[in-house]
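Going line by line, the protein sequences match chains A and C. For the first sequence, this note's numbering assigns the number 1 to the initial residue and increments by one for each residue that follows. For the second sequence, this note's numbering assigns the number 1 to the initial residue and increments by one for each residue that follows.
Do not rely on the hints blindly, as some may be mistaken.
[As the list claims (entries may be wrong)] Selected chain C positions facing chain A (in silico; Cβ < 7 Å):
#1 T143
#2 D144
#3 A169
#4 C170
#5 P273
#6 Q295
#7 F298
It should be emphasised that the hints constitute simulated quantities derived from the structure, not laboratory data. Here the structure is a predicted model, which means the values were calculated and not measured. Ideal Cβ positions, reconstructed from N, Cα and C, are used throughout, including at glycine.
Number of protein chains: 2
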Amino acid sequence: MSFSVGVDVGGTNIKIGLVDEEGNIICRRRLHNNPSEPPAQTLEILAQAVLKLTRSKPVAALGIGIAGLVDHKDGFVRTSPNLPTWNKVPVKDILSRLTRLNVFCCNDANAVALGEWLYGAAKGCRNALCITLGTGIGSGIITDNHLLLGANSYAGELGHTTLSLRGPACPCGNSGCLERYVGAQAIVFRCRRLLRQQQRRVAASRNQLSLFGPSGERLSLIFELVGYNLNRLSPREIGSAARKKDKIALQVIKETGALLGLGIYNALMLLDPEIVVLGGGVSRFGKPLLQAVEQTVFARLYGSNRQLKIVLSFLGDDAGILGASQLHRLASNFTP
Amino acid sequence: MSFSVGVDVGGTNIKIGLVDEEGNIICRRRLHNNPSEPPAQTLEILAQAVLKLTRSKPVAALGIGIAGLVDHKDGFVRTSPNLPTWNKVPVKDILSRLTRLNVFCCNDANAVALGEWLYGAAKGCRNALCITLGTGIGSGIITDNHLLLGANSYAGELGHTTLSLRGPACPCGNSGCLERYVGAQAIVFRCRRLLRQQQRRVAASRNQLSLFGPSGERLSLIFELVGYNLNRLSPREIGSAARKKDKIALQVIKETGALLGLGIYNALMLLDPEIVVLGGGVSRFGKPLLQAVEQTVFARLYGSNRQLKIVLSFLGDDAGILGASQLHRLASNFTP
């Protein structure tokens with residue numbers, strides 16, 4: 001039995017797993033990632049954790065998925081919006097030296113797609129689109145049983161496809177990117193606006209009680225969940241409220257799904273996968289999100305009898321570790 | 001030396017070529033395609049032409065690219081907007097029986113992409129996007145040295161990605177599809193409007209000569225090319241006028257390129273190819289179109305040092321024949 005190591009580097013956490021040949025994570029570590037720390041220091045700590053985890057075990061390779069633009073051929077992080085200190089970092093070189101393992105690097109959304117395809121929701125599918133919903137919107141694409149990395153390692157940037165030319169400005173320099181509509185920030189922003197509107201309506205109806213009678217509208221459960229401080233709102237509270245059938249939470253999720261569906265539709269036109277997998281933190285909205293996405297996508301699709309499923313992630317947070325741990329199986333893609 | 005046959009079935013013509021192992025078309029036939037004729041009859045005539053062309057030659061296979069939704073696995077044309085009688089036609093079965101050759105079918109834009117990738121502008125590229133500009137906007141995608149056909153043979157439908165939700169209605173059932181902005185009809189429509197505006201301006205300036213002096217504006221060369229009958233306008237006249245620096249023709253081409261660039265940008269975000277090839281009749285606009293596409297795409301792209309070229313087709317009208325003739329090389333993709 002041989003093992004491999006999968007590492008998932010996000011903006012706040014680093015997840016490390018030792019994975020057996022059947023795709024079981026047999027032990028794991030979670031490190032806090034301080035994004036302001038120099039990457040060399042972070043990689044040093046990471047390497048120590050890997051060495052402890054793999055001690056005396058036969059390890060085939062180490063794969064690492066990183067939230068940023070990663071040159072998969074050179075194992076180089078070019079830049080990362082969520083890890084601002086990670087600029088031109090030779091991750092492969094550093095980690096190879098520190099761990100003496102064969103190291104493979106890629107973008108985190110690509111690692112997630114590889115995980116879902118090898119072990120999760122897209123297992124056995126020839127063509128798949130795996131979307132990671134969070135602060136950013138990433139995706140990984142499987143075409144004809146290949147993980148598509150692209151000429152510059154930029155494939156799968158679904159979040160920066162344009163939904164509307166006149167949409168909000170995006171740090172990428174364009175406007176109206178899908179990420180600006182269905183990224184965590186945009187979801188929170190839309191929800192906050194609805195909550196403030198409700199707050200005003202409820203207050204007004206109380207003031208006018210004697211004239212118009214009670215409107216009967218009660219404040220959303222979300223107010224309670226954030227301690228009546230809307231600055232503390234995150235997708236987590238929206239999800240919790242939705243599970244208790246809160247109207248505003250469900251409305252926000254439905255709108256998010258409809259917008260996401262439009263972005264997915266364009267990707268489907270080009271890629272024609274048999275499965276779309278929704279993963280990442282925001283996918284924990286679950287069924288109401290999935291249903292809204294399906295409604296939009298299937299209303300737009302032409303061509304009857306099309307083979308297409310849209311599903312939620314099977315592996316959740318483990319997809320990144322599992323996919324990264326198997327990058328060595330694509331070794332031919334990683335030669336410069 | 002063995003040969004293969006490539007067939008390109010369009011809305012008005014059927015092109016047949018006998019192709020040698022090095023990708024030379026050593027002889028060819030062109031048949032008129034009457035779209036109202038039953039497809040069985042058309043295929044019968046096609047098969048006779050193929051048999052004459054291949055007489056006494058060792059032929060490995062026949063590949064055929066058809067303008068429509070083609071199930072590449074079963075060799076079945078499901079439906080075709082430009083060949084309205086081609087509904088559920090078992091092309092592979094019919095042609096195999098009539099020619100006794102091994103037959104492979106796919107969408108015409110996919111055949112063009114295969115041609116450009118094997119012998120043309122995208123030769124040697126690992127990832128390519130080859131766009132066919134005409135009445136419809138099709139594309140074929142090469143990912144990691146594979147022609148991407150997709151789970152339902154629908155991959156590459158660039159023309160039906162959405163450019164604007166509030167755009168003009170499309171026969172596909174949606175609105176604002178890229179094809180409605182840069183397809184031949186849309187180009188002619190935009191040009192005609194500009195020409196009518198000019199006509200009115202010139203007429204008005206003549207009437208007001210004594211008051212305002214001559215505006216100096218002369219009617220576009222296009223008026224002459226269509227015999228002053230704007231109903232006869234097609235992309236051909238716009239191209240001819242542009243080559244003589246006609247202002248309105250150049251303006252229309254520039255606008256078309258800018259809109260096309262937006263559609264291409266979204267595809268680049270997902271696919272990250274190293275080359276984009278512009279082919280099809282409308283690509284004969286040439287350099288002004290290419291420049292406008294480049295301007296839009298490169299202004300939007302982020303990530304420096306990106307490996308990306310945008311070029312015009314090398315093979316022109318032959319790409320479809322050449323690509324189709326090599327479909328047998330992807331035989332494993334064609335098993336149901």
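Checked hints:
| no. | hint | result |
| --- | --- | --- |
| 1 | T143 | 5 Å, holds |
| 2 | D144 | 5 Å, holds |
| 3 | A169 | 13 Å, violated |
| 4 | C170 | 9 Å, violated |
| 5 | P273 | 6 Å, holds |
| 6 | Q295 | 14 Å, violated |
| 7 | F298 | 12 Å, violated |
Checked against the numbered hints listed earlier, the structure breaks hints 3, 4, 6 and 7; every other hint is satisfied.
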